[in-house]
Structures are given as C-alpha cells and as structure tokens.
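**Q** Protein chains in written order, with our numbering: chain A, 1 to 243; chain B, 1001 to 1243.
Simulated from the structure, these hints should not be mistaken for lab results.
Keep in mind that the hints are not guaranteed to be accurate.
Going by beta-carbon spacing under 10 Å, a handful of chain B positions derived as facing chain A [what the hints assert, rightly or not]:
1. 1099
2. 1129
3. 1229
Among the chain A residues that face chain B by a calculated CB cut under 8 Å, a handful are [said to hold, decoys possible]:
4. 93
5. 130
6. 231
Take a look, some chain A residues computed to stay more than 12 Å from chain B by CB distance [to be verified]:
7. 25
8. 90
9. 126
10. 133
11. 143
12. 144
13. 150
It should be emphasised that the depicted structure is a prediction, and the values quoted were computed from it without experimental measurement.
C-beta: ideal position from N, C-alpha, C; glycine also.
There are 2 protein chains.
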Amino acid sequence: MSDALLRKLESFAPLFDGDRQVLRVAIDQPVRTVAARRDFAREGDAPRSMHLIVEGWAARHKTLSDGRRQIVGLLVAGDLCDLDLQLVSERDHSLGAINEIKVAEIPFGAIGQAMMDSPRLARALRLDALVVTATSHEWTLNIGQRSAYERIAHLFAEMAYRQRRAGLSSSDRFEWPLTQVDLADATGLTPVHVNRTLQQLRRDGLIVLANKRLVIPDLDRLRQAGLFNSNYLHLEQRVAAAV
Amino acid sequence: MSDALLRKLESFAPLFDGDRQVLRVAIDQPVRTVAARRDFAREGDAPRSMHLIVEGWAARHKTLSDGRRQIVGLLVAGDLCDLDLQLVSERDHSLGAINEIKVAEIPFGAIGQAMMDSPRLARALRLDALVVTATSHEWTLNIGQRSAYERIAHLFAEMAYRQRRAGLSSSDRFEWPLTQVDLADATGLTPVHVNRTLQQLRRDGLIVLANKRLVIPDLDRLRQAGLFNSNYLHLEQRVAAAV
DNA sequence: CGGCGCATTGATCTGAATCAAGACCCGTGG
DNA sequence: CCACGGGTCTTGATTCAGATCAATGCGCCG
Chain A
1 MSDALLRKLE SFAPLFDGDR QVLRVAIDQP VRTVAARRDF AREGDAPRSM HLIVEGWAAR
61 HKTLSDGRRQ IVGLLVAGDL CDLDLQLVSE RDHSLGAINE IKVAEIPFGA IGQAMMDSPR
121 LARALRLDAL VVTATSHEWT LNIGQRSAYE RIAHLFAEMA YRQRRAGLSS SDRFEWPLTQ
181 VDLADATGLT PVHVNRTLQQ LRRDGLIVLA NKRLVIPDLD RLRQAGLFNS NYLHLEQRVA
241 AAV
Chain B
1001 MSDALLRKLE SFAPLFDGDR QVLRVAIDQP VRTVAARRDF AREGDAPRSM HLIVEGWAAR
1061 HKTLSDGRRQ IVGLLVAGDL CDLDLQLVSE RDHSLGAINE IKVAEIPFGA IGQAMMDSPR
1121 LARALRLDAL VVTATSHEWT LNIGQRSAYE RIAHLFAEMA YRQRRAGLSS SDRFEWPLTQ
1181 VDLADATGLT PVHVNRTLQQ LRRDGLIVLA NKRLVIPDLD RLRQAGLFNS NYLHLEQRVA
1241 AAV
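Take these sequences, add in the hints, and give me the full structure.
**A** See the structure below:
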C-alpha cells in the first residue's frame, strides 16, 4: 500500500517532510491479515488499539438482536478507524473484513504522540475524522430519502471518489469486493432487490460490474443518477489558518 | 439553561472545579434567539463559529436537489455542534431550529483554548463528539433496518435518554416540539404513515403524545419495541486513564 | 463429486407511499 | 368580531416499490 493514508491526508492540506516522517513512524506497526468475512473488532469489545486498513476492504457494521444487519460505513486502504475510541470502554459497532485484508494495529499512544509532534498532522487527522462523520450523515440521507436505484448509484459514486482520493486507482474502474448481500446490508435493501436494481443500472449503461470489478463508463451520469454531491467528502480545502 | 453541557460532560467522566471554570469561560458568549423553523447555519456556508444549544430543539438536516429532506440528527440543550468544523471551508449540512431556540455562538478559538487549558475537558469534548458520530451510525441502522413502528419508538427512547443525561427532565415526560412532518423527515417515512404509526404506539400504550408533550408510561417497554440499546450513547465510562 | 456461497429469476405479498379531503387550531387583518 | 388562510393532524382509498418466498444455476474448493 503506497501510503494511501498519507495520500488522503495530503488531499486535504499540504504536509511537510517532518509531518510525513512523524506519521510514518506512528503507523509503522505490525500488520495483521484478516480473512474475508471475519470481524477483527466486535461490538462490546474494549477498544485496544486503532486500525489502519492497509489493503482490502472492510465494513463498520451493527446488528440488531434479531439478526438484521446494517453496514454503516465502508473502509478502504488508507482509512484509519477509531480515533479517540480509547475514551470509551466498549465499542458500539463491529469492524469486519469484506475480502482478505491487511490491517495495521496502531496503539492509541502512537497516534497521540504523532498529533502532539505535528499539529499540522493532527489537523489533517481531525479533518479525516470529520469527513467520516459527514459520510455517516450522508448515508443516513441516502437510506432515508433515496430510491433503491439512487442509493446504489450513490454508493458507487462515493467509493469512486474515495478510491481516487486515496490514490488507489482511477475513479472509473476498480476492485469491487462486496457481494450483493453486502450491498444489501449497506443500503437497507434485500439482496433480491439489489440484484434487480443492479441489472437496471447495467441496462442503463451506468456500470459494468462482473468478477468483483467495477467499471464506471460515465461517472458524471452515475453521479446524477445517485444525486451525488461530493461536498461532504470535503475534497478541496482552503489551507487552514495556523492554530 | 442550568449548564446542560456541563451536566452531560460530567456524565462521561468527572471534572474538577478548574475544568468547569475553563468551560464556563469558553461558553460564556452572546446568545442568539432563533425563531422556530429557521435555519441558523446553512449547507454551503463557511463555518464561522461553533453553536451551543442553550434552550429548545434543533436539527441537523440535509436536502436533495429535488427537495427531499432528511434530518440526520437532533440537538437539544447542552448539545455543542461542529467541533473541528473550522477545518473545512464549507458546511455539508444545515442546522435549523425546531421550536424557538437560544443558541450561543462560540468562537472556535475559545473552545480551542479551553481544550489546551484543560486536557480533562478536552477529553470530555472529544468523547462527546464521538457519541455524536456513534449516534449517526445508530440512525443509519434505524432507518436501514427497523420498521416504521420500531424507528419511531427508537427515536423516542433515544431522546428520553438524552434528556435525562443532560439533566433536562426525568426521562419519562418531556417537551416534544417536533411536528409529524419533522418526525417523518427524521425517520425516512411519510407524514401520513408517521401519523398512523403514532396512533398505533398510542393504542399500545407506549406513548402519550399531545400538545407537544411526550409521556412515556413504561420506558422499558418502549425500548423493547424500538430494539433500543443505549450502548452507543456511552453513558457510563470507566475513568479514562490520564494521557 | 458434493456442497456451499453467490447470483439470478419468477410469483406473490405487503408496508409504506401517494392522492385526496376534511377537521381543527390559531394568529391576523379587515 | 369574524372571515380568512396556513399549518397541522386525521382519515379513507388506492397504488407501488421493495420484501418475501421459492427455485434454479453455477463456479469454486475441499
């Protein structure tokens, strides 16, 4: 993973060599491989460390007592989970691998130290966390107001932007490891309906999805179909004033 | 407002007199009155300051280009919005008053200073922000997986807990300023269906709702009906280890 | 070869949306 | 003092997007 996190943070605001170095030291931690479909942190657990997705896709998810499951966010390489989570005694959601992934376990102290050492880096990490929250709001909007067709189009568009932001791929073709069941859990639909909706999206030429690869022939049309507005990702920032 | 924010922060972890004093100084700012149904911050605006709800209820909301509207979070007295928002150049959601409210406008610098002066306070504010994010995840789950009946029950239960946490009322009877249209926007339902669902909840004896007052005869039954688990509010924390 | 996870298809059902009208309440201006 | 209008709540009739139920196919792996 060619420093997807750094790439993402620098998309918010420039960092200097010193900042980069501080970050590299902090995230240079043992990497664990997690098999596809395995949870690597569970609701109810005491938070032990932060997680940085190094490779592959993961999901934040919650489950109701009767088994209904909702994915409340997706995580790709460069995504750092659980900043500040050491402040609580119990996790309120789980983290699970979608395909086989590599995760670095970052001690809370390491990131804390890095944020003390580099205020510019601290700002970038805070901004990243802010975008996570904003994304959660957007998902609420997505599920609450958009039709099935729009929801799925929106999700594809979001991930296209996020892939590009992390420098992982061009935004028009990339790995898509989610099964239709995952997609259903992420959008609040049933797998059967996801299947039919995907077919519609294909028929309309908005996506080409096969063998876990997604191709977006015309991102702009897809965005329109999903009423997607990238403002919540805060892709372009004025250079923040010094503290 | 008898220091609802302080009350809430202390529900997470104890503060000392010094911390309290630092917070009081920071939030002692001009208070603005906002008329019911008026936005006091709009999507697209440049963030100018933080907002502390002093009295009344407000909503975070987002609107699609075609007018569909989603409330992505509710705000009551003691809720502080937009920590870290100075890091972005444009708001991604609006804040609107539900009934007539009083809001204090807190300069970003004032809170920044307070967090520097009192690390214990800083931790409490970070924890508060974490709970906001966790609540957003819970809303995604709520709208994505629960039935209309469960969704509304869940929302009532959540607000009951939040009222109590801020020391605003007992959790079994309090002001309920949302109209059925608001409730629809918060739950991703139509007003007509909200109306019928409320009647069902009333018939089942789970709520008494009239004249903008809500009475919950049996919070435990309501919680069950909404599959409500308060873990995401992180009501009880071990005392966090010192930094 | 057997089984299992995943994608697909068809038939049917239903929770919630939509459309349409009243009823009620309250503030406001003539 | 009353007529008016707009917001809110309620009710009924109808429609529909998406859920549910049920099979089938298929590729992969042990």
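**Q** The structure should be examined with respect to each hint, and the outcome stated for every one.
**A** Against the structure, the hints:
| no. | hint | result |
| --- | --- | --- |
| 1 | 1099 | 22 Å, violated |
| 2 | 1129 | 7 Å, holds |
| 3 | 1229 | 8 Å, holds |
| 4 | 93 | 6 Å, holds |
| 5 | 130 | 5 Å, holds |
| 6 | 231 | 5 Å, holds |
| 7 | 25 | 19 Å, holds |
| 8 | 90 | 6 Å, violated |
| 9 | 126 | 5 Å, violated |
| 10 | 133 | 5 Å, violated |
| 11 | 143 | 5 Å, violated |
| 12 | 144 | 3 Å, violated |
| 13 | 150 | 9 Å, violated |
In this structure, the earlier hints numbered 1, 8, 9, 10, 11, 12 and 13 are contradicted, and the remaining ones agree with it.
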